[in-house]
Amino acid sequence: MLKNKFSIKFYSENAINESIKAYSSLGKIKLEKQKEYFIVYFDKIDFNVSNIIVDEFSNYVLAQMVKDKE
Amino acid sequence: MINKIKYQKINVNSKIYSLSAIYGAAYIFIDKAYIFLDGDPKSKIEVFLKPKLEMKKDEFNQLIGDFKNELLNYSLREQIVRSNQSIREMIIAQALLSPLYDTFSEFVEEPNKDEESEDPLGITKTWEEHFGKKEISKKKSKNVKK
Numbered sequence: 000m001l002k003n004k005f006s007i008k009f010y011s012e013n014a015i016n017e018s019i020k021a022y023s024s025l026g027k028i029k030l031e032k033q034k035e036y037f038i039v040y041f042d043k044i045d046f047n048v049s050n051i052i053v054d055e056f057s058n059y060v061l062a063q064m065v066k067d068k069e
Numbered sequence: 000m001i002n003k004i005k006y007q008k009i010n011v012n013s014k015i016y017s018l019s020a021i022y023g024a025a026y027i028f029i030d031k032a033y034i035f036l037d038g039d040p041k042s043k044i045e046v047f048l049k050p051k052l053e054m055k056k057d058e059f060n061q062l063i064g065d066f067k068n069e070l071l072n073y074s075l076r077e078q079i080v081r082s083n084q085s086i087r088e089m090i091i092a093q094a095l096l097s098p099l100y101d102t103f104s105e106f107v108e109e110p111n112k113d114e115e116s117e118d119p120l121g122i123t124k125t126w127e128e129h130f131g132k133k134e135i136s137k138k139k140s141k142n143v144k145k
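Chains as they are written, first to last, in numbering that gives the first Met the number 0: chain A, 0 to 69; chain B, 0 to 145.
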């Protein structure tokens, strides 16, 4: 299982949830909230994108953050 | 080739660069690199960059340099936006109010063009036209008698 953590100081829960919705067709993605980080777990990810999904997902969350701030 | 190595960290001083400038600059590079933010927005912000495509070390360093330049560019833009805020508000207010002015202008009396073309203070008139010749000659004769 792949995972990535996003600092609550830079990323909003809403942006992560929107990104999870967008990437839901590629596998099971779950969000867990911890003290200072949002932990995102990637499971049963499409083989073709498994090597880039974590990085692409973090870029997508960043784009959502910019979009939310506009 | 460098794209297989881990993220390269750039430390950004949040007292110099705002968080919104970092978001803006990062967004510009989203198609060229994977970008990730961490650290503390009140002191030191850590920006992690990794190229999307294969590239040489020099090219990646160039990309990092370009990102730093974009950061500076965004900060300057923010500063300009702040300094021009009142002017922009005035222009927007004027633009929003101009249709109202057109609506109510028919109720406002327009000044008569003929009156405007006249000389209300009589500047163009000569001394004689103002006071007349007789009055001047009377004053002169009084002075002579004294």
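Keep in mind the hints are simulated off the structure, nothing from the lab.
It is possible that some hints are incorrect.
In silico DSS-like links for lysine-lysine, alpha-carbon gap of 27 Å or less [unchecked claim]:
1. B:Lys41 - B:Lys56
2. B:Lys56 - A:Lys68
3. B:Lys43 - A:Lys4
4. A:Lys8 - A:Lys27
5. A:Lys43 - A:Lys4
6. A:Lys66 - B:Lys124
7. A:Lys27 - B:Lys51
8. A:Lys32 - B:Lys56
9. A:Lys29 - B:Lys5
10. A:Lys4 - A:Lys29
11. B:Lys124 - A:Lys4
12. A:Lys4 - B:Lys31
13. B:Lys31 - A:Lys8
14. A:Lys68 - B:Lys31
15. A:Lys68 - A:Lys43
16. A:Lys68 - B:Lys43
17. A:Lys34 - B:Lys67
18. B:Lys124 - A:Lys68
19. B:Lys51 - A:Lys20
20. B:Lys124 - A:Lys8
Since the structure is predicted, the reported quantities are computational estimates derived from the model, not experimental observations.
Cross-check of the supplied hints:
For the proposed pair lysine 41 of chain B and lysine 56 of chain B, the alpha carbon gap of about 31 Å is over 27 Å, so the pair is violated. Restraint check: the Cα-Cα separation between lysine 56 of chain B and lysine 68 of chain A comes to about 34 Å, which exceeds 27 Å; the hinted pair is violated. Pair hint lysine 43 of chain B plus lysine 4 of chain A holds up; C-alpha atoms about 18 Å apart against a cutoff of 27 Å. This hinted pair checks out: lysine 8 of chain A and lysine 27 of chain A have alpha carbons roughly 25 Å apart, not beyond 27 Å.
Between lysine 43 of chain A and lysine 4 of chain A the alpha-carbon distance is near 18 Å, which keeps this suggested pair within the 27 Å criterion. Distance hint between lysine 66 of chain A and lysine 124 of chain B is unfulfilled; the C-alpha atoms sit about 69 Å from each other, more than 27 Å. Proposed proximity of lysine 27 of chain A and lysine 51 of chain B is supported: the alpha carbons are some 24 Å apart, at most 27 Å. Our distance criterion of 27 Å between C-alpha atoms is broken by lysine 32 of chain A and lysine 56 of chain B, whose separation comes to about 37 Å.
This hinted pair checks out: lysine 29 of chain A and lysine 5 of chain B have alpha carbons roughly 24 Å apart, not beyond 27 Å. With a CA separation close to 12 Å, the supplied pair lysine 4 of chain A and lysine 29 of chain A stays within the 27 Å bound. Proposed proximity of lysine 124 of chain B and lysine 4 of chain A is contradicted: the alpha carbons are some 87 Å apart, above 27 Å. Taking the CA atoms of lysine 4 of chain A and lysine 31 of chain B, the gap is about 22 Å. The hint holds against a cut of 27 Å.
The suggested pairing of lysine 31 of chain B with lysine 8 of chain A holds, with an alpha-carbon distance near 24 Å, which does not exceed 27 Å. Annotation: proposed proximity of lysine 68 of chain A to lysine 31 of chain B holds, straight-line Cα distance about 22 Å (limit 27 Å). Annotation: proposed proximity of lysine 68 of chain A to lysine 43 of chain A is violated, straight-line Cα distance about 32 Å (limit 27 Å). Restraint check: the Cα-Cα separation between lysine 68 of chain A and lysine 43 of chain B comes to about 21 Å, which is no more than 27 Å; the hinted pair holds.
Restraint check for lysine 34 of chain A and lysine 67 of chain B: not satisfied, since their Cα atoms lie roughly 31 Å apart, outside the 27 Å limit. With a C-alpha separation of about 67 Å, the suggested pair lysine 124 of chain B and lysine 68 of chain A falls outside the 27 Å cut-off, and the hint is violated. As the CA atoms of lysine 51 of chain B and lysine 20 of chain A are separated by approximately 23 Å, the hinted pair is consistent with the 27 Å bound. Pair hint lysine 124 of chain B plus lysine 8 of chain A does not hold up; C-alpha atoms about 77 Å apart against a cutoff of 27 Å.
When the structure is compared with the earlier hints, violations turn up for hints 1, 2, 6, 8, 11, 15, 17, 18 and 20 and for no others.
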